[in-house]
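Start from the sequences and build out the full structure, keeping to the hints where you can.
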Amino acid sequence: MSIATLAVPSKGRLRETALERLAQAGWNVVPPADARSYRATVRGRDDVEVAFLSASEIARELGAGRIDAGITGEDLVREGLADSEDRLDCAARLGFGHADVVVAVPEAWFDVETMADLGEVAAGFRARHGRRLRIATKYWRLTQRHFSQEHGIQLYRIIESLGATEGAPAAGQADIIVDITSTGSTLRANRLKILSDGVILRSEACLFTAKQGVPPQIAAIAARLSANGQKKAAPSR
Amino acid sequence: MGVLRDGDAHHGNYPMNAHRSFAARADIETILAGLGAARIDVPVLQPADPFLDMAGEELRRRIFVTQSETGEALCLRPEFTIPVCMAHLSAQSGPARHGYVGTVFRQRRAGASEFLQAGIEDIGAADTLDADARSVADAATMIGRLGVPEGAVETVLGDQTVFDAVLAALGLPAGWRLALAHAFGSDAALAATLDRLSRPAPMPEMPAAIADPARAGDRAALEAAIAGEMRAASLPEAGGRAATDIAGRLLAKVEAAQHLPDPARLDALRSFLAISAPLAAAPDALAQWQSDAGVDISDAVAALAARTDALAARGRDPQATTYRASFGRRLDYYTGLVFEMRSTGGDVLAGGGRYDRLLPLLGAEAPTPGVGFSVWLDRVARAAGGVS
Numbered sequence: 001m002s003i004a005t006l007a008v009p010s011k012g013r014l015r016e017t018a019l020e021r022l023a024q025a026g027w028n029v030v031p032p033a034d035a036r037s038y039r040a041t042v043r044g045r046d047d048v049e050v051a052f053l054s055a056s057e058i059a060r061e062l063g064a065g066r067i068d069a070g071i072t073g074e075d076l077v078r079e080g081l082a083d084s085e086d087r088l089d090c091a092a093r094l095g096f097g098h099a100d101v102v103v104a105v106p107e108a109w110f111d112v113e114t115m116a117d118l119g120e121v122a123a124g125f126r127a128r129h130g131r132r133l134r135i136a137t138k139y140w141r142l143t144q145r146h147f148s149q150e151h152g153i154q155l156y157r158i159i160e161s162l163g164a165t166e167g168a169p170a171a172g173q174a175d176i177i178v179d180i181t182s183t184g185s186t187l188r189a190n191r192l193k194i195l196s197d198g199v200i201l202r203s204e205a206c207l208f209t210a211k212q213g214v215p216p217q218i219a220a221i222a223a224r225l226s227a228n229g230q231k232k233a234a235p236s237r
Numbered sequence: 001m002g003v004l005r006d007g008d009a010h011h012g013n014y015p016m017n018a019h020r021s022f023a024a025r026a027d028i029e030t031i032l033a034g035l036g037a038a039r040i041d042v043p044v045l046q047p048a049d050p051f052l053d054m055a056g057e058e059l060r061r062r063i064f065v066t067q068s069e070t071g072e073a074l075c076l077r078p079e080f081t082i083p084v085c086m087a088h089l090s091a092q093s094g095p096a097r098h099g100y101v102g103t104v105f106r107q108r109r110a111g112a113s114e115f116l117q118a119g120i121e122d123i124g125a126a127d128t129l130d131a132d133a134r135s136v137a138d139a140a141t142m143i144g145r146l147g148v149p150e151g152a153v154e155t156v157l158g159d160q161t162v163f164d165a166v167l168a169a170l171g172l173p174a175g176w177r178l179a180l181a182h183a184f185g186s187d188a189a190l191a192a193t194l195d196r197l198s199r200p201a202p203m204p205e206m207p208a209a210i211a212d213p214a215r216a217g218d219r220a221a222l223e224a225a226i227a228g229e230m231r232a233a234s235l236p237e238a239g240g241r242a243a244t245d246i247a248g249r250l251l252a253k254v255e256a257a258q259h260l261p262d263p264a265r266l267d268a269l270r271s272f273l274a275i276s277a278p279l280a281a282a283p284d285a286l287a288q289w290q291s292d293a294g295v296d297i298s299d300a301v302a303a304l305a306a307r308t309d310a311l312a313a314r315g316r317d318p319q320a321t322t323y324r325a326s327f328g329r330r331l332d333y334y335t336g337l338v339f340e341m342r343s344t345g346g347d348v349l350a351g352g353g354r355y356d357r358l359l360p361l362l363g364a365e366a367p368t369p370g371v372g373f374s375v376w377l378d379r380v381a382r383a384a385g386g387v388s
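Each protein sequence line maps, in turn, to chains W and F. The first sequence begins at 1 in my numbering and counts up one residue at a time. The second sequence begins at 1 in my numbering and counts up one residue at a time.
Treat the hints as calculated values from the structure; they're not laboratory data. Wrong hints could be hidden among the right ones.
Derived contacts from chain W toward chain F, CB cut-off under 10 Å, selection only [as the list claims (entries may be wrong)]:
1) 107
2) 133
3) 142
4) 143
5) 223
6) 227
Computed from a prediction, not measured in an experiment: that's the story for all the values here. Virtual Cβ for every residue (Gly too), placed ideally from N, Cα, C.
Take a look at the structure:
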């Protein structure tokens, strides 16, 4: 049997929780002997290799077909990879790392509750203010898909934001934002509200694989992770 | 404007093409000169911002973007209208008819990404109806001289001015007019918008401090309350949406929630959008609609009739052109005439239209009208019988 490569986030809570879930599903990842190494093994198995990669790199490696499976946030895969729905399977939803990618506008925009409202505001924006509506985000692809393809809103400009996106409206850099939120508290603190149909993606950590040619050991761990993930997820959602 | 006026979905793969030789280009230059257009050249590498500002962020997926050393976003020209208008403005000359031929670049998942276009942009002509007619006639002439028989080309024509006049005459609420104008040009978006507007609007959810003045129609108090919220959120006071913009839309929504939509007016709008007739019969069809609906759009109909006469005077048979009331472009700088010429195989061979809002948006100081068309030479070669 050939060796399958599974990528796991290289740091933070995503890494810790991913390793916990793998252990619960029967794969104990043995930390590399050399602390600087990014490769590890699974105890008692010689058909798996674990690669520690940054969470966003995992999406890219999956897209390039250089790894067989990877655990990462769904938002990073959908944003990082064109046509990810056609190219990758979400083989297991893991029930942690929950976060929503949302469209948020200032609370003071009492007249804007839906994407349709936002479309009207965007359509008249340049005539009133001499420029397009500006959206601060680091999610270019998800924003374009939600605005242009699902809601037919074309007349806006994206302002690239690399951090503290929620502060962009107050800073005058953008009018609204598309950002990730888990509890909504950061948005509330910045007096932003989520539109009623403004949830672009309900993201969580997932095990992604290619559509075809999934090695059997990966398919087996995916099934166990999936069963455990549903149990964990049940109480919270 | 191809970005723009083109039917991007239709083009196939054209590895070889009769118009790619130098001799063929010389022929096209001769045709342009024969139509009285002055030859203009614009750089292949263009600043990306004007295209994204005009056509919206959706365009970014469809153009080739790169960066200068200083970080300026540049792109391979995706069309000619915007660069030609910018060149016209920087030359600071008077009215002119600019003719061009060259490659445009579009990013697509599969197939070719370079296309040959030729066209004429007529900028600053005061007699707009005659300039419209000339643009349609020139596009037809060019396609004909390139070997596509007249009987193999279908011309469809629409008029944004008529649609605007219909919205105004029906007395629809301002928010509705904006939503409908934004959807104009896409049958699916129009149907969805009409559907949404025909359902009762829900009362917006508002905290008491906002709801009280909003329901009482006390605009001053409402604006003050909204301004207070904006200050509390440290939102900038200038440069974006102000309390008065928000109050205006909110009051309109509160009013809409208190009144049932008027089905008769939406039905009248639907029956207008269904009008499709030979151009020669369009003024009568519109006059009939106006009397059925009990509204007055006679100025817009008269302009359409005058343009139809101008077209006939330029040798186009108005019986052979189709007027479709719902035909438009979803770009807010198109203002009047829009037209398209299709082959019997369904390829868009040429697209054109009037864009009186574009030059002011690009920085023209005085109102500067413009109308133009682009011919897709690769598709024309195919329609004319392929490689020769």
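Status of each hint after checking the structure:
no.: 1; hint: 107; verdict: 7 Å, holds
no.: 2; hint: 133; verdict: 9 Å, holds
no.: 3; hint: 142; verdict: 13 Å, violated
no.: 4; hint: 143; verdict: 8 Å, holds
no.: 5; hint: 223; verdict: 33 Å, violated
no.: 6; hint: 227; verdict: 37 Å, violated
Checked against the numbered hints given earlier, this structure breaks hints 3, 5, 6; the rest are met.
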